[in-house]
Each structure stands twice: as structure tokens, then as C-alpha cells.
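Novice: Dock chains H, A and S against chain Z, hints included.
Protein chains in written order, with my numbering: chain Z, 49 to 462; chain H, 49 to 462; chain A, 49 to 462; chain S, 49 to 462.
Watch out, some of these pointers could steer you wrong.
Which copy is meant is left open, so a pair is good if it fits within one copy or across any two.
Cut-off 16 Å, straight-line C-alpha distance, at most; resulting in silico cross-link-like pairs (EDC-like, lysine to aspartate or glutamate) [unchecked claim]:
id: 1; residue 1: K331; residue 2: D178
id: 2; residue 1: K375; residue 2: E169
id: 3; residue 1: K192; residue 2: E326
id: 4; residue 1: K426; residue 2: E371
id: 5; residue 1: K458; residue 2: D80
id: 6; residue 1: K294; residue 2: E159
id: 7; residue 1: K197; residue 2: D351
id: 8; residue 1: K384; residue 2: E371
id: 9; residue 1: K254; residue 2: E371
id: 10; residue 1: K330; residue 2: E310
id: 11; residue 1: K461; residue 2: E310
id: 12; residue 1: K128; residue 2: D325
id: 13; residue 1: K131; residue 2: D246
id: 14; residue 1: K254; residue 2: E135
id: 15; residue 1: K201; residue 2: E137
id: 16; residue 1: K277; residue 2: E159
id: 17; residue 1: K77; residue 2: E366
id: 18; residue 1: K197; residue 2: D247
id: 19; residue 1: K192; residue 2: E137
id: 20; residue 1: K331; residue 2: E137
id: 21; residue 1: K197; residue 2: D173
Simulated from the structure, these hints should not be mistaken for lab results.
Quantities reported herein were computed from a predicted structural model and do not represent experimental measurements.
Number of protein chains: 4
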Amino acid sequence: MARKTKIKNTILNDPIYGFISIPYGIINKLIDHAYFQRLRRIKQLGLTHLVYPGAYHTRFQHALGAMHLMGQVIDVLRSKGHKITGEEETGVLIAILLHDIGHGPFSHVLENSIVKNVTHEYLSDLIMGDLNTIFRGKLDLAIKIFENKYRKKFLHQLVASQLDMDRLDYLKRDSFFTGVAEGVISSDRIIKTLNIVDDNLVLEAKGIYSVESFLIARRLMYWQVYLHKTVISAEYLLIKILQRAKEIIKNGGELFATPALEFFLKNQYTKKDFVSDEKVLKKFAQLDDYDIFASIKTWMNADDIILSRLSSSLVNRELFHIEIQDKPFTGTAIKKYLNICSAKFKISNVEARYFVFTDQISNSAYNPSDDKINILYKSGDLVDIAKASDQLNVSVLSKRVRKYFLCVPKEFKQ
Amino acid sequence: MARKTKIKNTILNDPIYGFISIPYGIINKLIDHAYFQRLRRIKQLGLTHLVYPGAYHTRFQHALGAMHLMGQVIDVLRSKGHKITGEEETGVLIAILLHDIGHGPFSHVLENSIVKNVTHEYLSDLIMGDLNTIFRGKLDLAIKIFENKYRKKFLHQLVASQLDMDRLDYLKRDSFFTGVAEGVISSDRIIKTLNIVDDNLVLEAKGIYSVESFLIARRLMYWQVYLHKTVISAEYLLIKILQRAKEIIKNGGELFATPALEFFLKNQYTKKDFVSDEKVLKKFAQLDDYDIFASIKTWMNADDIILSRLSSSLVNRELFHIEIQDKPFTGTAIKKYLNICSAKFKISNVEARYFVFTDQISNSAYNPSDDKINILYKSGDLVDIAKASDQLNVSVLSKRVRKYFLCVPKEFKQ
Amino acid sequence: MARKTKIKNTILNDPIYGFISIPYGIINKLIDHAYFQRLRRIKQLGLTHLVYPGAYHTRFQHALGAMHLMGQVIDVLRSKGHKITGEEETGVLIAILLHDIGHGPFSHVLENSIVKNVTHEYLSDLIMGDLNTIFRGKLDLAIKIFENKYRKKFLHQLVASQLDMDRLDYLKRDSFFTGVAEGVISSDRIIKTLNIVDDNLVLEAKGIYSVESFLIARRLMYWQVYLHKTVISAEYLLIKILQRAKEIIKNGGELFATPALEFFLKNQYTKKDFVSDEKVLKKFAQLDDYDIFASIKTWMNADDIILSRLSSSLVNRELFHIEIQDKPFTGTAIKKYLNICSAKFKISNVEARYFVFTDQISNSAYNPSDDKINILYKSGDLVDIAKASDQLNVSVLSKRVRKYFLCVPKEFKQ
Amino acid sequence: MARKTKIKNTILNDPIYGFISIPYGIINKLIDHAYFQRLRRIKQLGLTHLVYPGAYHTRFQHALGAMHLMGQVIDVLRSKGHKITGEEETGVLIAILLHDIGHGPFSHVLENSIVKNVTHEYLSDLIMGDLNTIFRGKLDLAIKIFENKYRKKFLHQLVASQLDMDRLDYLKRDSFFTGVAEGVISSDRIIKTLNIVDDNLVLEAKGIYSVESFLIARRLMYWQVYLHKTVISAEYLLIKILQRAKEIIKNGGELFATPALEFFLKNQYTKKDFVSDEKVLKKFAQLDDYDIFASIKTWMNADDIILSRLSSSLVNRELFHIEIQDKPFTGTAIKKYLNICSAKFKISNVEARYFVFTDQISNSAYNPSDDKINILYKSGDLVDIAKASDQLNVSVLSKRVRKYFLCVPKEFKQ
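Isolated chain Z (complex conformation) (with noise of 0.2 Å):
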């Protein structure tokens, strides 16, 4: 990071809006913490850059632009007359900074194998916590706006809505980098049509556009990337693999692993142990990408053969072959993979499962329970976005979409 010393801010490249100024003070400092640093080493799209290999950027660039988009919504609904304080700006710049502290590597895998049901919004809040802890309270209004009880309920919404600074940095940030040219949005746009009416975020009329364009673009990045096939594949691989190392130092085994990822394997932690036992947290905060794949290389030559089959079929890019449908798989289809399997790899029909499995996956575009936009008329009425769209079908777009896969070996398929 360039540093000016002289003046207030230092100045970072981003090779998407050319500048990033970072405010000197608290800000500047959570993210030189231990604790924010780590987000250079996770990548923000797991295993996507299988897939897409320009995709390996990390949640670190994606926490300093969901900020810089912040700074420029800030400054627009101040030059519409909002009066939004210096500690409500601190406030809300911190929110939105620290709002993926708590991710972990290859967090929806992860959440999937080694720390269940201990999701990264709770992690997050545990992890501010800390902070604040650590910067004697300097975090309290930018914690209060993140768990949505400030009284500026449009704050949180910058952080935590169908429009928040979040989504608007990520979709821009991943189509750039996976090179998905369609969903790059005008997040331009959209900030400056963005208002305030009792305390609450809109959307002026004049932006109706956009956001239908922004929500097509959404749409469109969950099915060509984030829930690409491929991906799947990967990810699930990786879930298999984390899952059977987990099985066999349960049993006993011995297994080469960084002491961060040792600590998860070798228990399974509960919500409540990241309360009451300090270390655990600790710990979590160590695990990054590193950990993962310096192990699982190894794990290619693992005694257990299921292990060392699944690690190099990662490490070495040869994923699974994945078959899509809208309705489950029946048993019968399943079955006959597994017996194939059980046969050829001289395994049980349950440690077949190891290679043979199936799952679903499902989005929707638009989600009526998050926080709702409304979109502002010049005459001052007030419209659910998905009513005011007179053309896009809003309620057809949140509808959530259920698809459910198959993998199996490539060489299992003929």
C-alpha cells in the first residue's frame, strides 16, 4: 500500500475504479489489524478460477471497494440535502468493511464440513467484537448499524439490502475478473439515484432501469458462475475431501495438516465453543487458503486411498463430471454409480459415497424477505420495486430456482 505520509489519506490502486482512498485513523488501522490483513490470503470466489482462471482476486479487494462505493453513496445523499455525521460515516465505512471479517476459506465449503452450522455473519459479529474490544470501543456505532439497530435504518441498508454497497461491489468485481462481461452493472448509476425518505433507502423512479439491469446481471452471475456445474463439482469435491480427512484422524489416523486446519479436523466446534473458549476464535482467524491446499497437496499420497484419489483429483484439475436436472436423482440412477464404484475402487458401497453424490442447489434473483427498495416518484409515492417494474417480471425473478446434481468420476461415464 502507497502511503502518503503527509497527507491524510493513503491511496491504493484498484484495478477497477483506478483509486482507493483510505481514510487515516480507526479505519486505516482495522485494516493493517492481523485479523483484516488475513483477507489477502482468501480468495473471493473459492474455487471459481477452476472455472474462470481470472477469478482468483480476494475478499481483501472486495472489503476496500464495497468501502470506496460507500464513501461515493455517502457524498451523494449528502449533496441531496441528507445529514449523515463524521461518526456516522466512520460508522457505516467500518460496517460495510469489516461485513465479510468473519468468512473463512472456501467459506460455503467450510460451513459445509468443518465448522457446521457456525455460519460467517456470526463469525463476523464475533469478530467485531473482538475489534471493538481491542479498539476500546470505537466500533459501537459501526456495529450497532450492522446489526440494523441504529435509528438511520437507511445505514444498514447501505450494508445489508437488495441495493447495499455489497452486492454492488462484488457483482462488478467478479464479472471484471472472471471476464463475464454481462455482469458488469453501472454501480455509478445506481449511487446516484439512490435517496432517502423517512430514514429509509429508495431508489428514485429514474433509476428503475438500472436496478432491473442490476438484477438481470445478479440473475446471470449466479447461473454462469457461481453456480456454474464445474464449480459445483469443485466445491463439493473439496466438501468430500474435508469430510474424509475429518473421518479418518476421528479413527485414529495420522494425517499431515497446518496446525490451523489440525485444530478444526480434530474437533468439531459448536457455536458456543467460539464464545467460551477463546483459542477457538484465535485459531479460526489463522485458517486462509494456505492451510487448505498446503494440506490436501499432501493428502495426494495419502495411505487412504479414497483420500489420496479425491485430493489429486483437485489439485491436479480433474473434477468430476457433473449432471444437472430439475428433479432429484432416484435412487436407482445413484445406486448404479456406486455399485461401479464400490467394484472398481474395491470400496464399500457407503465409502462410495465419497465419489458418487448428489445434492441441490438453488437461487433467486430477487429475495422479498431481504430489505425491501422502494422506488420514489417524483410525486413523492412510494413503490415496491417489484411492482413499480411495468415491463420485468420481479415476482417471476423471486422465484426460487431449485436444481439438483449429480457427480460421479469422469471415467465412470462412458
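Specialist: Below, chains H, A and S without anything else, positioned relative to chain Z:
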């Protein structure tokens, strides 16, 4: 145009695609012809630059851009094993290059004022015919393709259909020059997923999200740019100016005008005249943006107060106030303004209609009566895109939205 | 221009910067004035679009873009602790906005044909004076800054110096529209490293690479675009056309011309005339690209064979062959072509000079006689950029390169 | 990687070029090989992301990008009438694809710490040889081209020379991801102006400005990015960490390390070992960024205070202060810091050299000893680019600039 003398292509710089390659031979000669060079003097978006200053690009650029995309799609289709002969390639390149050759300056305006009932499609056909005579039949196949009389339907569909190269280029180009980022589409991805089944153009299933994105972008460009209310106001002002000029001349008045414009102000030509009297087409081919504005600028000093007022309003960008609503304006609303106007300007109520006018505009993002594009599934099934999208309600998109507007000079609004 | 009615700025879309914000009040009024609106009808790069079709952008766009950059640099300088009052801000914004207001259509050409010895700088001064009268002294400070009579020199330097906002915008804009990617400069980074020492603009040392890059980009744009040989050929053709038209009229001939152009064809006005007879400036302010081309198009049918040939060559882009070399062309080389020409066209050798002509062009990337920009080191030392660059030989860059050209109709080359 | 099963190419998304097409057959198989997949886990710019957060891209992306440009240049050369056989095409595509295959993680660092005197070029050769064995001689021609033993010299020059596809891609890519816009070069234009004379690569004269621009961009990237002082500080910190770890192990200490890294920490292998003991190369091929950082993270808790301090400084980005000057630092200056350090950390003056260190860096933008590229004039003359540029002083550019730096922990600077 930077010419390379020894090799077979001329290379042009394009701000969007980088380089555009122009094959030597007939295509190069068509571009050099006065009919085509004239497109350099006709802006693609007429008066839109009064709202989006960057939108000053020309039909010349668009025609070359669409031809460039055609070259790309031919490569893609050939790489998928479809045979396209060299002659067919030249034919379809010419067809797209000349698809807009019949446009006059401010085309939509002209068709409403001085060449009534003579569409640009009709004129494109005439001019292609003329060029075919000049180039001794070398456009035979191009014309067949343009008129959809060639057996390989997909060639025509690449020129004129829901997903033709015309639309792909103009959406991309117009959003680029206006700076409306949401309109930017991924022509690359759509082109890569085009294919042919039974001589018809189809889209492979994986391209469906890109097409949804394209349809939404197109709709956005309509409301944000093509039908922007200030653009409408400017265009109708231009219509009124030309109508008035024509009326003055009809009544024996004298007006400065360039020879080409004067020709069309003095007489009302019909489709038939364009065929029976070759001078009419020749004169039309001399008309461009320069005739219109050079003449209007002088009309700011016309004796006729109506013409002079209308002309300065346009030239100095003192555009009329425009109101838009979902239903027609009532006679009383209009009457009120007509009265104010005739009182103020001391003109009759009939003449006041030059200053107070209403009309309707409409748009649908997807036109099911256009050549449909089917989606090709891996199974081999073909499904209309309107039915293939699992979320985007294409039937809603194809609904025609109609709006009504009322224009009055700004000074009449208080 | 999309106007927001309730807030203080007008927002414009720009393809390069996204949004440009126009402050309400005097600046907005100046932009609305006919003097400024006229820049919408004058292309920034004259005939360059005959080589780079995208280069059809206008002086209107450039003036707004330069003003936008000026707003950015003011923010940067203020953030570094330098005081710039609101009045000074408005002054320098107006100065940059109007810095090119005196340009006529095809400016360089005009100054060589119909308004000889009256530079656009001189006219800019006159027009600013006129606007100052109209707006009752509100341009006093802007004019002081423009004429470098204000004590804070850096304000003038932002308008006219080696690193002024004019150059930063035009390089960026011209390379954007021509599609010559190497000309794209990082105005952002240069602006971020500007600073003030003793009321003079300086560049912080860390910006030196960006400035080297800027100088090289500028040099590249000169040879690749501004002095592209085909552009030169086209511009000199236009000069010849206007000279011939003037000669015909002087000799009592009749020619169609728009009133504004006719005014300048019929008489040769001097600097003094522009001051003593206010009609001269008024007429000049009516001239734009439309007058020139609308008139030339009609001259394709002129009785005078010289004028008609020259005019069709330009309108139909049958440009003359141009040869470039490092030393002047010999009399014999020229003589040969003059003879061919007078024989072929049956005109005198003197008249043949309309078809066979030679002149010189020159360029230096760094002009040491311009207001110099010093480099500011962390030590506080100030060093002329020409000496600060450890590698780039600025003394070489500032050498004036002179080239000579000879134009002849293509048909005379075998 | 999205695979198209029925057609001959795999298509990949790239944020820079849009799509990259990978030919089926040997090239596809090489990319799928573990040797090549490993490049996915090696960042192109090592620790540069600590200064430019976006610079987290991988050698995998670069290798594919360079291959993509190679495909373009082959098309251009063929279109100019030069014959390049299918076999030669495959050969040169493989050569560029694998040109960096010998890079280890943080390559420059490794060559200074754990695989001393074994360059990546040497390893690339070894690995290509190994792959040639695996693929039964299919890399014969590629290796010939890589080693410049093939008669058509231009093929080697496309892989390694002043204007090779390696440099064109990495400059473009590194400036893209760092966000340093001035580094962006126009690879398109350079490629379009390449040609062949007597089996050597030449640049047509009209490309000279682009090459000047390229050289300046390269120089800028060196000082702004590759040799950015904070990057240097981080890289040398990493060197010190690995040296210390090696020393501890040599002295019989115990340290956690991944197996691959442990292998190289425990022994110092020479070039010969890489050939005589195939295990050495195999182990090397397992090393990637993950080994390095997973190990260093655990060293933050090492017993050895030197190692633990150095490691936390890197992991938590508390980088050392770095001073740069034109001549070597004096012994007294260094001595002062060594004394402070040994006193403060209670370590010997020798050990203090892990915290206080100095070295030199150097760079020249144009290296005349590299394969030169000649400029081809229309006359047929060939001139060294160093002499062809009429303004840019290439002789100055090729001067090697040497700088000296001194690093000390920030706490020692007051």
C-alpha cells in the same frame, strides 16, 4: 482509412473493436462509393447528442461495426462445421454493410415530415438495386439474402432477426458513445453460442443468460436513450420546423435552403416518384445532416415568426418542456396551452399547434413477430426463447408499452 | 442534458468519465449560451474522421471534459492543504470551459484560408469579453486567469501549460475516439501528483513516470493522428477549396454558400475588423461545420472545374496522394506534376497549383518555451522535468521535427 | 474450464482478451498436465499484491494469454503471405505456453534462497524435456524453437526477444491487474505491424510509435511496479525468512514445513542434482505459493525470535522501512542500524543482518544484447530500432540504471 497497399485488407481503427478489417474487392469498392461515404455525414442517433453529448457517432461507423461482427459470426459458424461459401460470405457481408444505406438524415423525423410514407427499408432496397447495376450484378446474392429469398435462411437472419448483427452492433455502439454502461452487451458471447439447425439460426442453450441480458439491455436503451423524453421533444421540434418550412414554401414563401433540401421542401414525393424519376433518388442521396442544420440555422432569422422561433429553440437547445403519461392527454389540457400560446405569440390556434403538440411513443423489447430465434438444447430440442427462459418473462417483455407526451415551450410552464 | 430539478448540479453522461457534474449558476448559464452551444456543431478533430471514423466528437465534449478534470484537480489541491476560494474555483472552471470558445470549424484550415491571421486564441479572448459584458462582469476573474494576470499563477497553469487540463482531456479523448489505445493517458495519476509551491504548479517526484508516459503518448498522437499524412492531405484539400471559392467570388463569380460562410468568402477581415465592427464577430459565431460542408457539397456541381473537382474529391473521399520526406521537395519534382496536371485538366500552371501543392509540418512533444512544470522532490528541491528524468531524453523530445509533403491527385501517380 | 464437447476448441474466459481458444490435442493435454496446472498456484507477481492488491493473478493466466497472442501473430504473419506450417504453429504455441513452466513460487526470491544458482530458464528446459518424454517426442519442435535451434529464427523471436509475446502479455496483464493504467500497451497494433524478412522478425515502420510507447510503458512498469520499493522490501524480507529457516534446520533445529518445502530447506541442491536425481525435479514441481505461506504462517510462533519476528512482519504486512539512493550505503550508516538492532533484540551483530540489509537493484528498458528487432521501411531498408526512432533516445533507454536500498524495521526509524 489507412490503406495497406501490398496485402489484401484495409485496416480501420474502431474505438469499440480495435481494428476492423475490410476485404479488398467489391466490399472495399462499395465503401468507397458516394452512396456509402454519405453515411459519414449522417449521425446514427440524430438529435440524441443534445442529451448525451457523446452520441455524435455516424451510421458509417455502425455499418462497418455490424460488418465486423458478421465476419466474426461467419468464423464461428464455420468452426462448428457449417459450410459457408466465399460467395455467401461476401453476400452476407454486403447485405449487412448496406442494410441501413437507405437512411436519410434524422431518419425518423424525415419520414414524418418531408419524405412521408417512404421508409428507409424501401430506400435501402432501391439503392442496393442501383449499386447492383453499377457493379454489374455483383450484389445479386446480397440482395437475395437481404430480401430473405435465399435458401439458407440463417444468412438473412444474421442481417435481420431478433439476434442480428445490426442490433448487436448498435446496442454496443450506442451505449458506448452515450456512456450508458448498462446497455453494453456481450456480443462476443452471443456470437460464440450461435449455431445452425436446418438452415436456421439457433442459440445454444448456454447462451440463454446472455440473451436475457441482451433483451434487458435493449429495453433499457429504449427508455434511457432512444425514447428519452428530451430526445423526443427535440425530434418533434425538428418535425415541426420542417413541416412549417414546407408550408411556407407551399404558400409561395421564400426560404434559404441547400439545393438538396429545397428539392424535398418544394415537392412531396411518393414511393412511385422514387422509381419513375431517377433524379428523386439521386437528390435524396445528396441529403445529409449538413443540409438540415445549415438550413435551419438560417431560418432563425426567417420572417415567419413561427419558423424563426422553432428554429432558434432547436439550434440553441432551448427545447420544449415535455410531459409523459400512460394515457392520452385530454383535449382541455391541450386547449389550455394552445390558448396561452396563440395569445402570447399572436397566432391562430391552428398555428399554435406548432408549439403545443402531443403524440404517442411505444416500445417492446422482444417482438415475437420478428424472425424468432430458437434455443438449441444439448438433447437437440429446439425451444422458442420466449418459452426457454426459466425466469425472465419474455411474454411480458414483448408487451408493447405505449406512452403519451405533450410538448409546450418552457416559458408556458410556471 | 438530463437536468435534476431539485439539486444543485446538472449531471451529464460522458463516455470517458461516466458522469460530469455541472454546477448551477453562471457556469450552467454559459453552457446554455449560443456561443457555447455552437461548439456542439464543431468537431474536435476536423477531418480526422476520414482516417479514424470514430473521431467525430465535438469541441463541446472536450470543453466539458476539461472542466471535469479541473474540478478533480481542485479537490486534490485542496486536500493537500492549499486554499482555493469558491470565487477562484468558479474563475478557473470558466477559464478552462471557454479556453477554446474562439475556435471556428476546421480551425486550422480556416486560419489558412478565410480568416487569415486571426488566431483562435485571439477570438477566444474577444468572445470571453463579450460574454463578460452579457453576464455583467462575472467573468472578470476567469479572464484574468486566462490571460495569466492573476497572482496565483498555478490557476493559469492549470488552463495553459505543459500539464494543463486541456491537454489531459484532449489526449485522453482523442485517443478514446480514434481508437488509438497507446494515446490513452492516466490523467488520474497525474492529477493526484500535482501540487503547488510558491503559487506555481509542480509535480511530485513520484509522478514523473506518468509524465514521461504522457509526453510519449502525446508525441505518438501527433504522428499517428494529428499529423497523419492522410489527414494532412484532406486538410490541405479543404484549404485549397476555400481559397478557390474565395478567388471565384473575388473575380465576380457566383457561388452558393450559407450566409455565414458567404460573409467570410466575400471579404477578408482583419483582427481590427473583429473589434471595430461587431457584426464580424457575430457572423463568425454563426459559422460551424455545417456551413462548410453544406456549401462544399453544392460546389461539386460548380461551373468552375477546379472547384468542382476539388469539392468532389473531398466529399467523396477521393483524397490526394501525399508523399512525406525530411527535406523540401525540389522544384523539378513539383514542376513535373504541375505539367501533367495542366495538360490533363487543360488549366494553367498557376491553376494547377490547386491540385499539386507542397508545404511543411512540424511538431515537438515537449515545448520548453511553454510554462514549465517543475518536479518536486521529497527533499523540497525543484527540478525542471527536462532534467529530472533519469532516462527519457526530454531535450530530444523537445527538438522540433519538421517534415515536408507533396500532394497530387492519385490519378497522377502510376 | 468450460469444455465444448463437440467442437475442436476449448474456450476460456479471460478478463483481458475476452475469450481464449485452446486447440484440442497436445496443447490441451499439456495444459491439463500437473506440471502446468501447478501454475494456477503460483502468482505472477509474487508479493506485489501487498502494494497493488489487484495483482494476485497467476502464471497460469499469463501463459494462456501469451499463447493467445501467439495465435494472433501467426494469423497476421500468414495473412502477409508467410508460410507457417501446422506443425510449426503447434511448436511455437507450445514453446510460449511452457516458456515459464520452470518458475517456482516467488521465483526471484527462491533463486536467492533455497534453489540458488538454478534459474527458472534452466528448469523450464528440464521440465519441457520431461514432458517431451511423457508425450513421446511431440515437443521436439517446440524445444528446438525455444532453444533457438530452429532455422526459422522468427519463431524463437516470437517467444523470446525485445518484442516477444511473453512481454506483450505480461505488460498488459500486470498493468491491468495492478491498475497502473499507463502500463497498458496496444499489443494489437504491435502485432499487426510485425513482419518477416529473411526468417527474422521485423517491425514495419508504421509501428515505431507503438514500440516507443511499449518501451516507455515497460520502463514505467519497472519503476512503478516490478521494482516498487515496498515490493523490494517485502521480497527481501521473504529471502531473509527462508535463509533463517534454512540456517535453523542446518543447525539441527526443528521447524514445521510442508513436505515439498522441507525437502529444499534440508538440502542445498545444485543444477546437477536436478538432472541426476529425478526426485529433486519432482519435488520442485510440487512447490507452490501454498507451501511457502502455509509454512511461514506457522513460523510466526517459532521459538527462534529472529524467524518469528521476520515471519509476522511479512504475514501481517508490517514491512520494513526501505530507503533508496543512487550510490551504495556506507558502512557507517548500516553499522548504526545493526547496533540499534542487536541491542534492541538482544542478538549478535551478525544475526542483526536479518533485520538490517542492503543490496542493489537495476533495470534497463531496452536491452541491446537481447535479440534485436529491426524496423522495416517501405523502401525495404532495415534499421535497428535503437537508430530508427527520430526522437526517443533508445541509447538512453538501454542504459542500465542501478539503485541501492537499505531496509530496517520501521520501529528503528524515528
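Novice: Could you run down the list of hints and mark each one as holding or not?
Specialist: How the hints compare with the structure:
1. When the C-alpha separation of K331 and D178 is checked against a cutoff of 16 Å, the pair qualifies only within one copy, where the shortest distance is 14 Å, while the shortest distance between copies is 41 Å.
2. In this assembly of identical chains, K375 and E169 lie within 16 Å of each other by CA distance neither inside one copy nor across copies; the values are 31 Å within and 49 Å between.
3. In this assembly of identical chains, K192 and E326 lie within 16 Å of each other by CA distance neither inside one copy nor across copies; the values are 23 Å within and 60 Å between.
4. When the C-alpha separation of K426 and E371 is checked against a cutoff of 16 Å, the pair qualifies only between copies, where the shortest distance is 12 Å, while the shortest distance within a copy is 49 Å.
5. When the C-alpha separation of K458 and D80 is checked against a cutoff of 16 Å, the pair qualifies only between copies, where the shortest distance is 14 Å, while the shortest distance within a copy is 45 Å.
6. With identical chains, the CA atoms of K294 and E159 are at most 16 Å apart within one copy only, with a shortest distance of 14 Å there and 37 Å across copies.
7. Taking identical chains as interchangeable, the C-alpha atoms of K197 and D351 are never at most 16 Å apart, the minima being 53 Å within one chain and 45 Å between chains.
8. Taking identical chains as interchangeable, the C-alpha atoms of K384 and E371 lie at most 16 Å apart only when both belong to the same chain, with a minimum of 15 Å there against 67 Å between chains.
9. In this assembly of identical chains, K254 and E371 lie within 16 Å of each other by CA distance solely across copies; the values are 14 Å between and 42 Å within a copy.
10. For the identical chains of this complex, K330 and E310 are intra-copy neighbours only, at 14 Å inside a copy versus 26 Å across copies, given an alpha-carbon limit of 16 Å.
11. Proximity of K461 to E310 under the C-alpha cut-off of 16 Å is found in neither arrangement, the shortest distances being 35 Å within a copy and 39 Å between copies.
12. Proximity of K128 and D325 under a CA criterion of 16 Å is satisfied in neither setting, with 48 Å inside one chain copy and 47 Å between copies.
13. Taking identical chains as interchangeable, the C-alpha atoms of K131 and D246 lie at most 16 Å apart only when both belong to the same chain, with a minimum of 12 Å there against 37 Å between chains.
14. Taking CA atoms no more than 16 Å apart as the test, K254 paired with E135 passes in neither setting, with 31 Å inside one copy and 33 Å between copies.
15. In this assembly of identical chains, the alpha carbons of K201 and E137 lie at most 16 Å apart only when taken from the same copy (14 Å versus 36 Å across copies).
16. In this assembly of identical chains, K277 and E159 lie within 16 Å of each other by CA distance neither inside one copy nor across copies; the values are 20 Å within and 40 Å between.
17. Taking identical chains as interchangeable, the C-alpha atoms of K77 and E366 lie at most 16 Å apart only when they sit on different chains, with a minimum of 12 Å there against 43 Å within one chain.
18. Proximity of K197 and D247 under a CA criterion of 16 Å is satisfied intra-copy only: 13 Å inside one chain copy versus 49 Å between copies.
19. Proximity of K192 to E137 under the C-alpha cut-off of 16 Å is restricted to the intra-copy arrangement: shortest distance 13 Å within a copy versus 39 Å between copies.
20. For the identical chains of this complex, K331 and E137 are neighbours neither inside a copy (32 Å) nor across copies (52 Å), given an alpha-carbon limit of 16 Å.
21. With identical chains, the CA atoms of K197 and D173 are at most 16 Å apart within one copy only, with a shortest distance of 13 Å there and 59 Å across copies.
This entry does not satisfy hints 2, 3, 7, 11, 12, 14, 16 and 20, going by the numbered hints stated previously.
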